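S.K.: Those protein sequences? They're chains A and B, same order as listed. Position one of the first sequence corresponds to residue 66 (the working numbering), numbered consecutively onward. Position one of the second sequence corresponds to residue 1014 (the working numbering), numbered consecutively onward.
Hint data in this document are derived by calculation from the structure and do not stem from the laboratory. Values in this document were obtained by computation on a predicted structure and should not be read as measured data. Errors might be hidden in some of the hints.
[Unchecked claim] In silico lysine-lysine, DSSO-like type, Cα no more than 27 Å apart, as pairs:
| no. | chain 1 | residue 1 | chain 2 | residue 2 |
| --- | --- | --- | --- | --- |
| 1 | B | K1063 | B | K1024 |
| 2 | B | K1050 | A | K195 |
| 3 | B | K1048 | B | K1024 |
| 4 | A | K195 | B | K1019 |
| 5 | B | K1024 | A | K195 |
| 6 | B | K1019 | B | K1050 |
| 7 | B | K1063 | B | K1048 |
| 8 | B | K1019 | A | K190 |
| 9 | B | K1063 | A | K195 |
| 10 | B | K1050 | A | K190 |
| 11 | B | K1050 | B | K1024 |
| 12 | A | K195 | B | K1048 |
| 13 | A | K162 | A | K68 |
| 14 | B | K1019 | B | K1063 |
| 15 | B | K1063 | B | K1050 |
| 16 | A | K190 | A | K67 |
| 17 | B | K1048 | A | K190 |
| 18 | B | K1048 | B | K1019 |
[As the list claims (entries may be wrong)] Residues from chain A that face chain B, not an exhaustive set, calculated with beta carbons under 8 Å:
| no. | residue |
| --- | --- |
| 19 | R125 |
| 20 | E127 |
| 21 | D131 |
| 22 | S134 |
Don't be surprised by glycine CBs; every beta carbon is placed ideally from N, CA and C.
Each chain, letter by letter, is given below.
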Amino acid sequence: MKKTIVTFVISALIVASLALWALKGQIAGNTQEIVMAGIVLVLVGFAVTLGVSRLRSHLRREPGEDELSRMVMIRASSLAYYVSIYMWLFVMYISDKTTLAAHSLVGAGILGMAVIFLFCWLGVKIFGMKNA
Amino acid sequence: MHNRIKQLRAKQDLSQLELAQHVGVRRETIVFLEKGKYNPSLRLAHDIAKCFRLPIEEVFLFDGEVGEKPGE
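Build out the structure end to end from the sequences listed, making use of the hints.
M.R.: This is the structure:
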């Protein structure tokens, strides 16, 4: 239950930060910022979905986490780490060819890692772990 | 690896949720096991077999054993 509450609190804080960012007017009209805000919202949605799933398990008196959910996380994390190495190689390659500032590239890379993790998690959930 | 969880559950009139609560996992884990998307740990396989009051080899079958009678 503690993990679920932490997930919801962190998600709420991120949404609040995004709202402040939007209120300051830094998002409107800037395509790059809009895309970043959109990706962050998708990731927050993913975290909230996980939180709701844990909450529903808690209400059904099931454990919030069991061996399958732990294995899914471990498999998705290792797969995401492996793919992320290639993403960072790509970021290094394009860093010379783009006018984007270094901090923007690093920010995009970190967001990219989160998106890769999301896709790996979805892949593991959809295709399962027959050979685990 | 294949398993007979779905048939045994139907035979004993157990729902996925009831089986999950018996062995202390989430219902989703039982769904994954029945679909053959996940091979359980030895501990979970043992608990499931115990729940059905059967030896492990009658619940979980390796690929070559499908269609054979347990113990053959």
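S.K.: Are the hints correct? Go through all of them and say.
M.R.: Structure-based check of all given hints:
no., hint, result
1, B/K1063 x B/K1024, "holds (15 Å)"
2, B/K1050 x A/K195, "holds (5 Å)"
3, B/K1048 x B/K1024, "holds (18 Å)"
4, A/K195 x B/K1019, "holds (17 Å)"
5, B/K1024 x A/K195, "holds (25 Å)"
6, B/K1019 x B/K1050, "holds (14 Å)"
7, B/K1063 x B/K1048, "holds (20 Å)"
8, B/K1019 x A/K190, "holds (20 Å)"
9, B/K1063 x A/K195, "holds (23 Å)"
10, B/K1050 x A/K190, "holds (9 Å)"
11, B/K1050 x B/K1024, "holds (22 Å)"
12, A/K195 x B/K1048, "holds (10 Å)"
13, A/K162 x A/K68, "violated (42 Å)"
14, B/K1019 x B/K1063, "holds (15 Å)"
15, B/K1063 x B/K1050, "holds (21 Å)"
16, A/K190 x A/K67, "holds (24 Å)"
17, B/K1048 x A/K190, "holds (12 Å)"
18, B/K1048 x B/K1019, "holds (9 Å)"
19, R125, "holds (7 Å)"
20, E127, "holds (5 Å)"
21, D131, "holds (4 Å)"
22, S134, "holds (7 Å)"
Comparing the model with each numbered hint stated earlier shows that hint 13 is the single one that does not hold.
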